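The chain contents come next:
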Amino acid sequence: MLTNEEVAQTIINQFGEAVTDFDDPYDLLTCSTSRDQIILLVTYLKGHQTLQFGFLTDITAIHYPDSTGKEFCVVYHLHSLTNNFRLRIKVYLTADDVHIPTMVSLFASANWMERETFDLFGIIFDGHPDLRRILNMEEMDYHPMRKEYPLEDGTREDKIDALFGR
Amino acid sequence: MVSEELDIANKNLPAEQGPVQYVNELTTLNLGPTHPATHGIFQNILQMDGEKIVSGEQTIGYIHRAFEKIAERRPFYQITTLTDRMNYCSSPINNMGWHMTVEKLLGIDIPKRAQYIRVIMMELARLADHLICNGILGVDTGAFTGFLYIYQERENIYEIYEEVCGARLTTNMGRIGGMERDLSPTAIRKINELLVRFPKVLAEFENLFNRNRIFMDRVIGVGGISAERALSYGFTGPNLRAAGVDYDVRVMNPYSSYQDFEFDIPVGQSGDTYDRFMVRNEEMWQSLRIIKQAMDNLPQGPYYADAPQYYLPPKQEVYKNMEALIYHFKIVMGEIDAPVGEVYHAVEGGNGELGFYLISDGGRAPYRLHFRRPCFIYYQAYPEMCKGLTLSDAIVIMSSMNVIAGELDA
Numbered sequence: 357m358l359t360n361e362e363v364a365q366t367i368i369n370q371f372g373e374a375v376t377d378f379d380d381p382y383d384l385l386t387c388s389t390s391r392d393q394i395i396l397l398v399t400y401l402k403g404h405q406t407l408q409f410g411f412l413t414d415i416t417a418i419h420y421p422d423s424t425g426k427e428f429c430v431v432y433h434l435h436s437l438t439n440n441f442r443l444r445i446k447v448y449l450t451a452d453d454v455h456i457p458t459m460v461s462l463f464a465s466a467n468w469m470e471r472e473t474f475d476l477f478g479i480i481f482d483g484h485p486d487l488r489r490i491l492n493m494e495e496m497d498y499h500p501m502r503k504e505y506p507l508e509d510g511t512r513e514d515k516i517d518a519l520f521g522r
Numbered sequence: 002m003v004s005e006e007l008d009i010a011n012k013n014l015p016a017e018q019g020p021v022q023y024v025n026e027l028t029t030l031n032l033g034p035t036h037p038a039t040h041g042i043f044q045n046i047l048q049m050d051g052e053k054i055v056s057g058e059q060t061i062g063y064i065h066r067a068f069e070k071i072a073e074r075r076p077f078y079q080i081t082t083l084t085d086r087m088n089y090c091s092s093p094i095n096n097m098g099w100h101m102t103v104e105k106l107l108g109i110d111i112p113k114r115a116q117y118i119r120v121i122m123m124e125l126a127r128l129a130d131h132l133i134c135n136g137i138l139g140v141d142t143g144a145f146t147g148f149l150y151i152y153q154e155r156e157n158i159y160e161i162y163e164e165v166c167g168a169r170l171t172t173n174m175g176r177i178g179g180m181e182r183d184l185s186p187t188a189i190r191k192i193n194e195l196l197v198r199f200p201k202v203l204a205e206f207e208n209l210f211n212r213n214r215i216f217m218d219r220v221i222g223v224g225g226i227s228a229e230r231a232l233s234y235g236f237t238g239p240n241l242r243a244a245g246v247d248y249d250v251r252v253m254n255p256y257s258s259y260q261d262f263e264f265d266i267p268v269g270q271s272g273d274t275y276d277r278f279m280v281r282n283e284e285m286w287q288s289l290r291i292i293k294q295a296m297d298n299l300p301q302g303p304y305y306a307d308a309p310q311y312y313l314p315p316k317q318e319v320y321k322n323m324e325a326l327i328y329h330f331k332i333v334m335g336e337i338d339a340p341v342g343e344v345y346h347a348v349e350g351g352n353g354e355l356g357f358y359l360i361s362d363g364g365r366a367p368y369r370l371h372f373r374r375p376c377f378i379y380y381q382a383y384p385e386m387c388k389g390l391t392l393s394d395a396i397v398i399m400s401s402m403n404v405i406a407g408e409l410d411a
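The listed protein sequences correspond, in order, to chains A and B.
Going by the numbering used here, the first residue of the first sequence is number 357, and it counts up by one from there.
Going by the numbering used here, the first residue of the second sequence is number 2, and it counts up by one from there.
With the rest of the complex left out, here is chain A (with noise of 0.2 Å):
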């Protein structure tokens, strides 16, 4: 059974300084690294002796548009499921450039989880080899899940909070 630490101890010793923010919020090793590095880490643990983590779970997006040079997170979840070991790995972004390499060359399941992404956020994957929108119209020029795009019309006045008692 691998720990939190000896997984985090294991990445330290071979990236240093270029993976950080170390946490684990409900038991789950979460770090992030940059743009650059995310592609080597994964690499990395992949093809690890002991860790393994050869099986991706997720690719997802998070919009901050509070935070200002940290608008976008991309984040990963790794499975190795020969040490039955999660692990988050997340990545920051501006917004005004929101690239990051694909990482369809390690997993083929990468490839429609960043459409995905690139659908509803925007973010481009560079490399990847087929970037196009997966459940939105290829007309469409917004990028919907991001926080500016509001789920409901703003207004409107039957619906506001104070009407509910909130």
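If you're looking for bench data, these hints aren't it; they were derived computationally from the structure.
Nothing here was measured: the structure is a model prediction, and the numbers come from that model.
Every residue gets a Cβ at the ideal spot worked out from N, C-alpha and C, and that includes glycine.
Any given hint could be a false lead.
[Claimed, not checked] Listed below are several chain A residues computed to face chain B (Cβ distance under 7 Å; list not exhaustive): (1) P381; (2) Y382; (3) F411; (4) N440; (5) A464.
[To be verified] Calculated Cβ distances over 10 Å to all of chain B for the following chain A residues: (6) M357; (7) E362; (8) Q393; (9) L396; (10) Q405; (11) E427; (12) Y448; (13) D453; (14) V454; (15) F474; (16) G478; (17) E495; (18) E504; (19) R512.
[Claimed, not checked] Computed list of lysine-lysine pairs in BS3-like fashion (alpha-carbon distance at most 30 Å, straight line): (20) B:K331 with A:K503; (21) B:K113 with B:K321; (22) B:K105 with B:K293; (23) B:K113 with B:K316; (24) A:K446 with A:K402; (25) B:K293 with B:K191; (26) A:K446 with B:K70; (27) A:K503 with A:K446; (28) B:K388 with B:K53; (29) A:K446 with A:K426; (30) A:K503 with A:K426; (31) B:K191 with B:K201; (32) B:K105 with B:K316; (33) A:K503 with B:K70; (34) A:K426 with B:K70; (35) A:K503 with B:K105; (36) B:K316 with B:K191; (37) A:K426 with B:K105; (38) B:K321 with B:K331; (39) B:K316 with B:K331; (40) A:K402 with B:K105.
Start from chain A and add chain B according to the hints.
Below, chain B without anything else, positioned relative to chain A:
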């Protein structure tokens, strides 16, 4: 070698640039969106060389309902109704998975009895899901009989849902912190009756198909995928187990007391359509085992946790008890405040690892909610699995993968 395969699989090259030169002109064939075998609405654009499928491309998103966006405005209870509509063949699993995610965020431990009832309901849902998948596989190979025989059992499972929560398809039987109500004597009787009757039906179904020459000719060696490719494509659930990898969330990361039960993980070898069919059949036997154990050892005690600020009180209480009325009002109006945090929780859904990635900023609704939908992830392997086969094979492959449109698009 893998990257070479990827190139072919992902680029969907026009035929004249493809690795093989074709003598005939290729036919473009739209399989779907409104084809009876596409189980919902998604389009497969196949390039056919005569009878053979050369390449394919899928277009999904026809029922994209923006659940993740809607969830950002909804209090935690109201998101349950969104999860219902993902894999609608086994909605209790989705519901309970969501409730468990919120419980994890809030740090609520729920009593054993509630956990066991959840296990029973989730396994019933798995039975219904696999039953329909395998039955429809029969229909898609041209054998309606099997489906007709087993449909009655799904009806009986729905009647159990109805007894437990009042609804049949959009089941809201779970609550954050436990169950809405206890199992009634009628529900217990119905589950026990099902445990007696279901094995007979399942055995009859297996007799119809398992060694049926025509069925075997249609499915053996069709749509096989190696374990390595399946893992690379992110397969989970029966589709991965058919390829020989014994990954099951219920065993690897037990939730809701699954560690208390004895059951096996059936695995296949070749990952072809027949293996997927057999793995699902065997999983139904295992689900019956789990339900039997849970019913026999159903613990006494409360069926909800002592967390009044989060648990929606039973309706009878609301009519009599002032505190219950206050909490009911506060919860329904979305006053439930969650701590700041991020949670990933996975359950073994009908199709594999169903994950909920929830980021809370302390508000009444999630800041961001992402569903890891197994259907969405494995459906992209479909053209690769169909390559070089005929159209009738493509139909059975899609059917045996159990692609549910609601889960694909979310």
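A quick look at each hint next to the structure:
1. P381: Holds. Min distance 5 Å.
2. Y382: holds, 5 Å
3. F411: Because about 6 Å separates F411 (chain A) from the closest Cβ in chain B, which is inside the 7 Å limit, the hint holds.
4. N440: Because about 5 Å separates N440 (chain A) from the closest Cβ in chain B, which is inside the 7 Å limit, the hint holds.
5. A464: holds, 4 Å
6. M357: holds, 12 Å
7. E362: holds, 19 Å
8. Q393: holds, 22 Å
9. L396: holds, 18 Å
10. Q405: Fine: 18 Å to the nearest Cβ keeps Q405 (chain A) off the interface.
11. E427: Holds: least Cβ distance 13 Å, greater than 10 Å.
12. Y448: holds, 14 Å
13. D453: holds, 21 Å
14. V454: holds, 17 Å
15. F474: holds, 13 Å
16. G478: holds, 14 Å
17. E495: holds, 13 Å
18. E504: Nearest chain B Cβ is 12 Å from E504 (chain A), so the label holds.
19. R512: Consistent with the label, R512 (chain A) stays out of reach of chain B, its closest Cβ about 13 Å off (over 10 Å).
20. B:K331 with A:K503: holds, 27 Å
21. B:K113 with B:K321: It holds: about 27 Å lies between the C-alpha atoms, which stays within 30 Å.
22. B:K105 with B:K293: holds, 27 Å
23. B:K113 with B:K316: holds, 22 Å
24. A:K446 with A:K402: holds, 17 Å
25. B:K293 with B:K191: holds, 13 Å
26. A:K446 with B:K70: holds, 21 Å
27. A:K503 with A:K446: holds, 19 Å
28. B:K388 with B:K53: Holds, at roughly 8 Å.
29. A:K446 with A:K426: holds, 11 Å
30. A:K503 with A:K426: It holds: about 14 Å lies between the C-alpha atoms, which stays within 30 Å.
31. B:K191 with B:K201: Distance ~16 Å between K191 (chain B) and K201 (chain B) Cα, so the pair holds.
32. B:K105 with B:K316: This hinted pair holds, its Cα atoms lying about 25 Å apart.
33. A:K503 with B:K70: Cα-Cα ~9 Å, so holds.
34. A:K426 with B:K70: holds, 21 Å
35. A:K503 with B:K105: Since the Cα atoms of K503 (chain A) and K105 (chain B) sit roughly 26 Å apart, the hinted pair holds (cutoff 30 Å).
36. B:K316 with B:K191: holds, 24 Å
37. A:K426 with B:K105: holds, 27 Å
38. B:K321 with B:K331: holds, 17 Å
39. B:K316 with B:K331: Cα-Cα ~14 Å, so holds.
40. A:K402 with B:K105: holds, 28 Å
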